[in-house]
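Work out the full structure: start from the sequences and follow the hints.
First to last, the sequence lines map onto chains W and D.
Note that UniProt numbering numbers the first sequence so that position 79 is 79, with each residue one more than the last.
Note that UniProt numbering numbers the second sequence so that position 205 is 205, with each residue one more than the last.
Far from chain W by the CB rule (all over 12 Å, computed), these chain D residues: (1) F767; (2) P816; (3) D1163; (4) L1214.
Listed below are the simulated DSS-like cross-link pairs for lysine-lysine, each with C-alpha atoms no more than 30 Å apart in a straight line: (5) D:K837 to D:K1072; (6) D:K1255 to D:K563; (7) D:K895 to D:K753; (8) D:K1224 to D:K895; (9) D:K837 to D:K786; (10) W:K108 to D:K565; (11) D:K917 to W:K112; (12) D:K563 to W:K108; (13) D:K895 to D:K975; (14) D:K1224 to D:K1139; (15) W:K108 to W:K43; (16) D:K786 to D:K904; (17) D:K1182 to D:K1224; (18) D:K895 to D:K1182; (19) W:K112 to D:K563; (20) W:K108 to D:K917; (21) D:K1139 to D:K1182; (22) W:K46 to D:K837; (23) D:K1160 to D:K1182; (24) D:K917 to D:K539; (25) D:K1134 to D:K1182; (26) D:K565 to D:K1134; (27) D:K823 to D:K1224; (28) D:K917 to D:K565; (29) W:K46 to D:K786; (30) D:K1072 to D:K1139; (31) W:K112 to D:K565; (32) D:K757 to D:K895; (33) D:K786 to W:K43; (34) D:K837 to W:K43; (35) D:K904 to D:K975; (36) D:K904 to D:K837; (37) W:K108 to D:K837; (38) D:K904 to D:K696; (39) D:K757 to D:K904; (40) W:K112 to D:K837.
Note that these hints are calculated values from the structure, not bench results.
If you're wondering where the values come from, they're calculated on a predicted model, not measured in any experiment.
Every residue gets a Cβ at the ideal spot worked out from N, C-alpha and C, and that includes glycine.
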Amino acid sequence: MEAVVFVFSLLDCCALIFLSVYFIITLSDLECDYINARSCCSKLNKWVIPELIGHTVVTVLMLVSLHWFIFLLNLPVATWNVYRFIMVPSGNMGVFDPTEIHNRGQLKSHMKEAMIKLGFHLLCFFMYLYSGSRCPG
Amino acid sequence: MSAPAGSPHPAASTRIPPKLGGAAVSGAAAGPGPAPHQQNGPAQNQMQVPPGYGLHPQNYNVPSGHYSQGPGKTTSLPLDSQSGGYYSGVYTIPTQNVVTPNTANQQSGAQQIYGRGPPAPHIVGSTPGYFQGAASSSSHLHTSASQPYSSFVNHYNSPAMYSANSPAVSQGFPSTCGHYAVSTVSNAAYPSVSYPSLPAGDPYGQQMFTSQNASTIRSVRENSFSGQNTAVSHPSPLPPPPSQQYHQQLSLSGYSPLSWSASGLPSTQDNLIRNHSGSLATANNNPNAVAESSSCPVMQTVQPPESSPVVSTVVSGASSARAPPTANHLVETVASVTQPSELLQQKGMQYGDYVNNQASSAPTPLSSTSDDEEEEEDEEAGVDSSSTTSSASPMPNSYDALEGGSYPDMLSSSASSPAPDPAPESDPAPAPVPAVPQPSKTTKPFGYGYPTLQPGYQNAAAPLSSGVQPSSPVYSGFQPYAQQYPGMNQLSSSFGGLSLQSSAQPESLRPVNLTQERNILPMTPVWAPVPNLNLDLKKLNCSPDSFRCTLTNIPQSQVLLNKAKLPLGLLLHPFRDLTQLPVITSNTIVRCRSCRTYINPFVSFIDQRRWKCNLCYRVNDVPEEFMYNPLTRSYGEPHKRPEVQNSTVEFIASSDYMLRPPQPAVYLFVLDVSHNAVEAGYLTILCQSLSENLDKLPGDSRTRIGFVTFDSTIHFYNLQEGLSQPQMLIVSDIDDVFLPTPDSLLVNLYESKELIKDLLNALPNMFINTRETHSALGPALQAAFKLMSPTGGRVSVFQTQLPSLGAGLLQSREDPNQRSSTKVVQHLGPATDFYKKLALDCSGQQTAVDLFLLSSQYSDLASLACMSKYSAGCIYYYPSFHYTHNPSQAEKLQKDLKRYLTRKIGFEAVMRIRCTKGLSMHTFHGNFFVRSTDLLSLANINPDAGFAVQLSIEESLTDTSLVCFQTALLYTSSKGERRIRVHTLCLPVVSSLADVYAGVDVQAAICLLANMAVDRSISSSLSDARDALVNAVVDSLSAYGSTVLNVQHSALIAPTSLKLFPLYVLALLKQKAFRTGTSTRLDDRVYAMCQIKCQPLVHLMKMIHPNLYRIDRLTDEGAIHVNDRVVPQPPLQKLSAEKLTREGAFLMDCGSAFYIWVGKSCDNNFIEDVLGYPNFASIPQKMAHLPELDTLSSERARSFVTWLRDSRPLSPILHVVKDESPAKTEFFQHLIEDRTEAAFSYYEFLLHIQQQICK
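Spelled out as structure tokens, the structure:
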């Protein structure tokens, strides 16, 4: 059972890592002018909810399987994801808004966020790997 | 990336948008380029080199002979010897002078260029030594500004005179000479860069004495040659005959080889001209040169767009209309690509006798359009690098004689403002001079005290004295900025001229005790501070009306900027109506090859063939065509081209700058005809105004127009030519809107004019009995979008209520009880993203949506405004509009419409703002969509749109003394021409905090802060924004107090440049947009915010801080004359009730409205003579006009009001407000220095700030 949980978490974490990388690539494309703000934002907004769900599932799973430490580790990031999603102003087109992404250094902060998440997911990845390999059966 | 352009289109999923990139981007697209060697091929402009060569092999061979020698270098040989002859023969001492600049050349670019600058120009580029020699001494003369150039000319033409003059020079500067002797040592330590102005001349002199350079002449010879060209800048008549002749010949052989072979070798200048025309003829006869291309270039571009709608309209019905046009456009683009060369050639020929097509393409293989990097050039840049650091070196070409003084100053003196130049400098002059009787050493601490000097002030002022008693410490300084001026100053003072610079500088730093200064507001309007540049650059600089920076002295690093706590940003008014604008037609638009900057007055010419970009410092080649000056018809003077003489120019762009043929002017009117709208009665006014101005709508023969009306259904009007009367088509399926007959809804204005007029006559009465109260704005906009997307254009939406049906419907969000709440103001942001998405779609299809909101109730402008905000439209709001009940609004609508319909318009525009390396832009304000980091996509641009940009300093600017900003606005004019309007602003860099404060442009800073505050209140909250505004004052004043004054004082001290800052911030806090506590309707507030975002600075300032004048005693004292009318100039009054007297009458200019307040016991003479009523009691409550009475005072008052009116695009409404009348609250709430129930008075506000600072 334990193993199943970690295998699932591992896969989910892989997906999240890929997603983070995708975010970083797309944002840096925008930074370098390869794509325009509109298409960049519509690309990214599509993946905001999958990311949210993916991460929430792992977090809940850890809670259910009573891995407290990992749960607490995941909790702030999951909360942040939810908070960010909820706090989008009604007039905006999603977490990434093409009309604002170039303003007030938003692009940079999105980039930073994606980087941090990537690091976090990598950390989690190895943690799940380690935990999974230690659990019996 | 290429200029105002470049990146792919935002939403251009299916269509090919106009190609915005220059050749750089299009380079790839230019695939078809090189192939066809026929003139018809697109090749010539797109891939400049091969076709040019391919076309005219014989031409190419001939010139190549010449060019292989390298005209410049060849020239230098004979001239060198020649000049050697000159100076050796005429005066010996100057010979050394001649030498020094050369050495300097290696040392510091800016210095050397400047020092040599003004005088050097005498020669056209090729006599290095001779004139440089003059430089070090004569530059003094030059900057004294009293010495006309012509005198120089004489000197040079007759050496005898020159030598006679040189003693005079030295007499003028005995002290200076002394200084040389004294400070030779310090000179060694003199930093090699960033002393662009006069003192630079002196070090040369010093070097002369140290004679390090005798041996360097030879080695530097070539270098000096190149350097010297940068300085070349005199009107052509002066240069010594030999060089000119040589050049003439050179040019002759260089660029009209065809005629050379045809008509033989001409020997005189007359022949030269003939020769040109001859070559023109040859060109035309040349089979390759496309004789028939000279027919009509426009026609060729016209055709494709004509065809496009046809194709697109084949597909009728629902939304599928877009795919086919795509293909069609592709074809068009290709088709048009095959023609440009003809167009270009023709444009070239417009120059008259200059045949640029062959010549320009042949000899310079690397013209600015090519993208590949040239190693060679980079090397050259490397060689230069020691001197290049100071970059953007002043190009001292200030010969006013050129082209009848066609000068940027003229631009600024257009209707909106009289030339502001003398303002800042005039009175302060006396202050510093007595204050610094002796050159005190610039020691740091200075006791604070009002009359005594502040450290910063002292620093700046001390050098001033150096003219009188030079002392070496002055030059050992650490403050390059402050020291730029002493030289100039000392000169001008010793010549008895008025010192402009130095005095302005300390004056702006003079500390003002705010709490003790009762009359902080000056009597005259506040002008933009003039950047602290040398005279030549100042003259060339962009008019502050178009381009302003919040800090006219750019701090050297972000650290310094942070210390100053001031906002750094630009305020732009790029498409302003200009009375004079140099328009340049040219084959190659000269641009930097790496950063795509347009050539501008602040680039430096390294030699005649190369120029250095002032933004990225890359060294570029001067294309052959650029060597010819169409204005003076002379050759070899690239620095005299209009592009280099004007900081605001407009280029006619070639097809490189299009992705599709220029679109026609297309106007679509989307009109609300629900019951509410009919009740308000705007249709009558609109239709009347439109039919009056139908002929004045900007456009050409392709102009198209269409109408859509909507209530709960959408009505289209078929106006196809041939119908007997307009046909109304009703689409009631608002969930899935389709176009009933897509091809006949937007019709040619001229072909269907009768039908359009019929419709306009019928429209006001058509819906008179409607009972439909719903408004399906969203679906109507979708329909409009579909209608416009094949072409792009302008959609004008008239809306009178909250949209209540279909997509984009809105709910009322305003709680009337919260209007005067001091706590939270909600709903400043949009309720839905529908309008934003729609706007972005529109923007992608080059369609702008302008919104006229004429509602009496809450209509959620916050949401509706999005449709204009992101599609680069504009927003007009007429609260409680009714055509009979509210005649002043009706009149305002009428006047606004007149302006709106007839003003200039640019289509499918993009704007790119570039700045010197090290600076970066991070936030933009205005109505547009930011497509990529520095590219603003503007579907339409109108002359009333302003923009703001926030800047940050990414890299330290220590190695440069000047920074430049350039905006390039690429647009399609209503005549279907692709044009680029370029503004360039140049500002000095400073390293001390005091200088940063000295250069604050308080108005610009306030406008930028207002923009930032709007963002803040939408993204965060209104109270946050208000706090931020107060903090801006507190921070900057406390930073000034603790760093510059260096004394902790209990008094509230501000530098003069910032003395109005607290007042303006208080005004902002009391502005409708940001005020709390006073009842403000949400729509009013949001509209004020929209205004702040998109108004240009001049108008925004009046909105923030109105002007108050007393008008019952107008006199002709100080009056100005405008169009043979005498306009009195009453002094400004501060906005306080204490200034209002019952005996007077006052005019308040709020930008969009005028109020005339008449006191209760106002002089009956005034009431009778000006207002036309016998006494106070008989003045009506609502009076909106000044009667035309035949009295002197009436005439004065009217001419004053008219003059104020003329200065702005939208005619303000006049309200005559009687003291006692209920309307006076409206007037009194603008008196921002007074206390209201909810807000501080000015004095209280100051105390509040003081408290905050002390905390």
